[in-house]
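Both chains come to you apart, so use the hints to assemble them.
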Amino acid sequence: MSIGRGFLFRAIAIIAVLVYVLLGSYTIKPGNAYIQEWTINVETEAIDSDSAEGISAEEWLPFRVEDSFGFVNAEGRLLQSSPIEWNIALGKGSYCNYTKQGINLVIRDPIRDYLYPLSVEGYPVERGGDYFVLSQDLTGVSAFSAAGEFLFSKEFSSIITSLDVGGDTVGIGLLNGRVELFAKDGSYRAGIRPETSRINAVYGTALSSASQKAAIVHGIDPQFLSLYQFDDTGFQLLSQIEVSEPKRSQVKIAFSENGEYLLCETATDVQVMSTEDQIESFKLPLSGTLVDFDFYPELDSIYIIEEEQESTVFSIYSAEGRRYSQEEFSGRPQWLSRSEGNLYLGTGSLLRKVAIERFSK
Amino acid sequence: MKNIIFMLVLSLFFYSAVSTSYSFEWPVKDPRIVSTFGSRAGKSYNKGIEIFSSSEAVSPIEAGEVVLRCSEYARGVHDLPSPLGNLTVLQHERGIQSIYGQLASPTMEDVPFYDITDQLGIIGSSGTIEAQLLYLQLIDSEVNRFVNPLLSLPSIGDTSEPQLKGVSLSSAKGSFPLENTTTIPQGRYELSINTFDESSAGGAVHRMAPYSIKVYINGEAKDSLSFESLTIRDWSAVPTAPPALEASQLYSRPWEFKLGDVTLQPGEAAVEVFVNDFSGNEAIQTYRIEVSAN
Numbered sequence: 005m006s007i008g009r010g011f012l013f014r015a016i017a018i019i020a021v022l023v024y025v026l027l028g029s030y031t032i033k034p035g036n037a038y039i040q041e042w043t044i045n046v047e048t049e050a051i052d053s054d055s056a057e058g059i060s061a062e063e064w065l066p067f068r069v070e071d072s073f074g075f076v077n078a079e080g081r082l083l084q085s086s087p088i089e090w091n092i093a094l095g096k097g098s099y100c101n102y103t104k105q106g107i108n109l110v111i112r113d114p115i116r117d118y119l120y121p122l123s124v125e126g127y128p129v130e131r132g133g134d135y136f137v138l139s140q141d142l143t144g145v146s147a148f149s150a151a152g153e154f155l156f157s158k159e160f161s162s163i164i165t166s167l168d169v170g171g172d173t174v175g176i177g178l179l180n181g182r183v184e185l186f187a188k189d190g191s192y193r194a195g196i197r198p199e200t201s202r203i204n205a206v207y208g209t210a211l212s213s214a215s216q217k218a219a220i221v222h223g224i225d226p227q228f229l230s231l232y233q234f235d236d237t238g239f240q241l242l243s244q245i246e247v248s249e250p251k252r253s254q255v256k257i258a259f260s261e262n263g264e265y266l267l268c269e270t271a272t273d274v275q276v277m278s279t280e281d282q283i284e285s286f287k288l289p290l291s292g293t294l295v296d297f298d299f300y301p302e303l304d305s306i307y308i309i310e311e312e313q314e315s316t317v318f319s320i321y322s323a324e325g326r327r328y329s330q331e332e333f334s335g336r337p338q339w340l341s342r343s344e345g346n347l348y349l350g351t352g353s354l355l356r357k358v359a360i361e362r363f364s365k
Numbered sequence: 024m025k026n027i028i029f030m031l032v033l034s035l036f037f038y039s040a041v042s043t044s045y046s047f048e049w050p051v052k053d054p055r056i057v058s059t060f061g062s063r064a065g066k067s068y069n070k071g072i073e074i075f076s077s078s079e080a081v082s083p084i085e086a087g088e089v090v091l092r093c094s095e096y097a098r099g100v101h102d103l104p105s106p107l108g109n110l111t112v113l114q115h116e117r118g119i120q121s122i123y124g125q126l127a128s129p130t131m132e133d134v135p136f137y138d139i140t141d142q143l144g145i146i147g148s149s150g151t152i153e154a155q156l157l158y159l160q161l162i163d164s165e166v167n168r169f170v171n172p173l174l175s176l177p178s179i180g181d182t183s184e185p186q187l188k189g190v191s192l193s194s195a196k197g198s199f200p201l202e203n204t205t206t207i208p209q210g211r212y213e214l215s216i217n218t219f220d221e222s223s224a225g226g227a228v229h230r231m232a233p234y235s236i237k238v239y240i241n242g243e244a245k246d247s248l249s250f251e252s253l254t255i256r257d258w259s260a261v262p263t264a265p266p267a268l269e270a271s272q273l274y275s276r277p278w279e280f281k282l283g284d285v286t287l288q289p290g291e292a293a294v295e296v297f298v299n300d301f302s303g304n305e306a307i308q309t310y311r312i313e314v315s316a317n
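Heads up: the sequence lines are chains A and B, in that order. The first sequence lines up with residues 5 to 365 when you count with my numbering. The second sequence lines up with residues 24 to 317 when you count with my numbering.
Read the hints as simulated data drawn from the structure, not as lab findings. We put the beta carbon where it would ideally sit given N, CA and C, even for glycine. Some hints here could point you the wrong way.
Covered stretches of chain A, going by a simulated chain B footprint (3 or more residues, C-beta under 8 Å) [said to hold, decoys possible]:
{"id": "1", "segment": "101–111"}
{"id": "2", "segment": "135–142"}
{"id": "3", "segment": "146–160"}
{"id": "4", "segment": "163–170"}
{"id": "5", "segment": "254–260"}
DEER-style ranges, computed between Cβ atoms [as the list claims (entries may be wrong)]:
{"id": "6", "chain 1": "B", "residue 1": "Ser223", "chain 2": "A", "residue 2": "Leu242", "range": "50 to 60 Å"}
{"id": "7", "chain 1": "A", "residue 1": "Gly133", "chain 2": "B", "residue 2": "Ser77", "range": "42 to 52 Å"}
{"id": "8", "chain 1": "B", "residue 1": "Gln155", "chain 2": "A", "residue 2": "Glu153", "range": "34 to 44 Å"}
{"id": "9", "chain 1": "B", "residue 1": "Glu291", "chain 2": "A", "residue 2": "Glu199", "range": "56 to 66 Å"}
Only chain B is shown next, with the shape it has when bound in the complex (with noise of 0.2 Å):
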């Protein structure tokens, strides 16, 4: 009885934990996201999210003080040109800073608050992208992160699961897809996985970064990846959960994650790959493979 209602108050816990997060609503109506949090972007790593939606208005994810603004156009050699394009930069209550990014036009000059039920901007194509696309970032200011807008948001009923379109075993001794593979020999191996999540926004349909991989060995966790939040180790974004690789490191390939070393020991092994993107949708793969002795 102790332990039902041990599990109950935990259950309460974490219920509550995670229903204070999902605290923020979208900046736009009927929104479609065309690149996650975590997505290869240029050297590093997408630390914000964009997103599509057919109305144009962009609102406050919460109520909140303009703390920056910017015109994606320096004139004069003070002035430093925005590749965010026009932004605004907002202050919510626990430290929360919110970056609106690429709207049509800077945001008013004399206001310096805004509601939740106000319009901050108007969506745009402005800084270095050229599709009419919101950027939204978080930054958890009072521990330096910058935190995955999705765990924040509502959910948006994406029912469709991540691509899983391969794993493989690499070293010295070879490159081995597990997909065409039965037999390899004992060893340690650096282990890839070939995934992204897709979305159908604008006419086209877009590749992006899953939420989380997890890799079983034989039933016992090995590899994982996570992209809850981004901290920055040694002046260089890396995800705050282990393996912090920095995007040069876990990047081999476009969306192909070199997520650490596997030892391998001779006899059977089961090799299970969990991929989730952040609507929990999970595609998940088992490849039974043997493992010879030399």
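Isolated chain A (complex conformation) (with noise of 0.2 Å):
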């Protein structure tokens, strides 16, 4: 039995009209597509040592992966790559790579091929294109510029918990419950304790130098996040938060670019802040350990990877919480950066750039 090509018409014409209906009318939101650009597996990648020479030194992207680290440039040339020896301080142009015995620290420029030694032993971090070495007991810090030249060295009489840069500000978090702001040339600034638990002491600690904000955890029973403004002369708190999952260990905390979200983790989630309301928006969960987030509000999107049994999840969400992927990865999570609105995501020993592509309606 045939069907008749006036059936067949009709019931293409209707089938378009329903799709029409059901996709044609709903409107296309402004949104990003991530596409993944390139990836290279940086143990058997071959350094490209005739392009790095001809490289600005604004092209250099640092990354990390399992065992090694280096930069590469946009197009995926990898310029430099070294074994990492037990830990490193990475910073845009620079890098401290470090022994566990953290002795001999040395800061390298491996654009202009200096070196330049440091005078302290211990274990540095990179913030703010700053050093800071943390002493073998943690209750000291010295402070250096990317060319080595000394800043400052404090020393506390508690554990150092936390530590952030903004702008010109160091901000350093001390279990006994005191956050103390320094400028760069070490003269110190303003501090603050602020005693609402039982046990006060500072677990985390960011400063944006775009909003003159500080944020804090502190405390056990309870636990807060105060979000305060600071200046040269002290702080001023804006909104406080109980933390309902409250950790006893260091939190990661930090605000987005310009000041305006804020990010912080907790024992189970991710708690999401707008630091101009000052009211806790929404909490994002975590299924495996947090290593690494990052909020990039001209596109609206949060980045979080953690680890999973030895594997990454890489998650993508709106600036409301809503989820917009997640995808898994074989290998732990090293490296999550973004420069010029490309995502750099370092997993086991690969490298990949993922490219964010904003489309409106």
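Encoded structure:
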């Protein structure tokens, strides 16, 4: 039995109308497309030393993967790669690759091939373009510029639990419940001790030079996330939120670049807070161990990498907390950075570039 | 009679004060000290002690509440690595915090309290050290001081006295090691004492700072040093008791302590040096010199 041509045309027309009604009339909202541009295996990729010579310092993009670190350019050329000795403090155009003993520390500028030996021992971290060496008992810190210039050295009557830089201000959070602010020349700016809890201790500190705000996670019973306005003379409390799932260890906390949003780790999720209206906006659940996060306000996007059973879970959320995507990669999470609208993700021995394209209606 | 009663009451007061300060237990069995409070550590002082033990289990010095856990290794750009390795900090009564560093692994996330009989970890070599040692630090958070743990722990029965290697006086006129000197011109001198305590542990001999040094000249107390506690002054650690010198000022060379200045007048001078370790062992040396008028 054959189907008549007229029936076929009518059926197609009905289907076309249905498709238009169901999909064609749906307004496509502005959003982001994530395109994986390239992936390189740092263990097997050859270093392109010829390219390295002609590439300007701004184009050197740092990365780390499982056992090595280095620099690539946006096209995926491996400009430099070295094994990580024990751990590494990695800046935009410099690094300090250090041993477990934390001795013979040297900041290296691979672009100009300069070496800057440091006169102290301990473990370095890079914050805001400078290097901060934590003393061997974690009660002191020495600061150096990326060119190895000594900035200051401070000791405290407590363990250092957190450290962040906002513009010209260095904030140091202490287990005794204080946060001390210094200028980069070492001069003292201000301090605060939010005495709100049965035990006063600071677990996380973040500074934003864009909004002149400081965020502190502090206290046990209860634990709070407090937001302050700060300047050279002191702190002014803007808001305080009780942390429902407190931690008794370092808490990851960071502002978005523009200072309008705040990400804060708890035991079970990532709290997102708008610093403009100072209310907790929403929580993003964690399924594994949080390794890093980033908030990119220009694209209304939040990026989270977690470790789950030796693999990486990479999640992208909207600024309202809606999950755009979640992808799992083999290998432990190592690196998440952003440069000119592109994401660089290190998992296992692989480095990926994910280009973000904004599309609108 | 009144004086005797007064002395008895005073003795009782001091006894009770001392006995209450010895209130903690060793965190490991068969402890051997390999680095003492006040020893030079980098550009500052060692603000705790390092302990060797043939047993691995680490217990709290007293029941306490966990206020911090740290892992030696930082991943992601927001974490700080811990040069003290995997560490746990307990909060005790009276504002005392005990810090247990260099543990083999981070302590359990879900244990907020530890009793004195609990095991909170295993001695390890995490952090900057390579040997299997426990790092113990005590902080009196009420007065913001690092307290010498050995003043609050039971005696370990050390009977060997500290080594007193030499005393020298130096000025623009020159340096005068007192063991080789019989005559010295009058004037103002900087007093340096070369001394250390020793401990055998883990098949090695370890040098470390003594507990106190006292100097008398002709029976009059001149310079002294004691490592009871360290405080922070102008963002640097200094001994709470005078001389409140930073480590770079106190230590001129390894185990050579610059205690301060002394003024010698013409005539005979007896320089007596007393060095004590933490177990109460004492090394005494007396130097008799002739101070000339020029």
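Tested hints:
1. 101–111: It holds, with 4 qualifying residues against the three required.
2. 135–142: Three-residue rule met by the segment 135–142 of chain A, so holds; n is 5.
3. 146–160: Coverage by chain B holds for the segment 146–160 of chain A (4 residues, Cβ < 8 Å).
4. 163–170: holds (count 5)
5. 254–260: holds (count 4)
6. Ser223(B) / Leu242(A): 50 to 60 Å: holds, 58 Å
7. Gly133(A) / Ser77(B): 42 to 52 Å: For Ser77(B) against Gly133(A), whose Cβ atoms are near 48 Å apart, the range 42 to 52 Å holds.
8. Gln155(B) / Glu153(A): 34 to 44 Å: holds, 38 Å
9. Glu291(B) / Glu199(A): 56 to 66 Å: This hint holds: roughly 60 Å between Cβ atoms.
Checked against the numbered hints given earlier, the structure satisfies every one of them.
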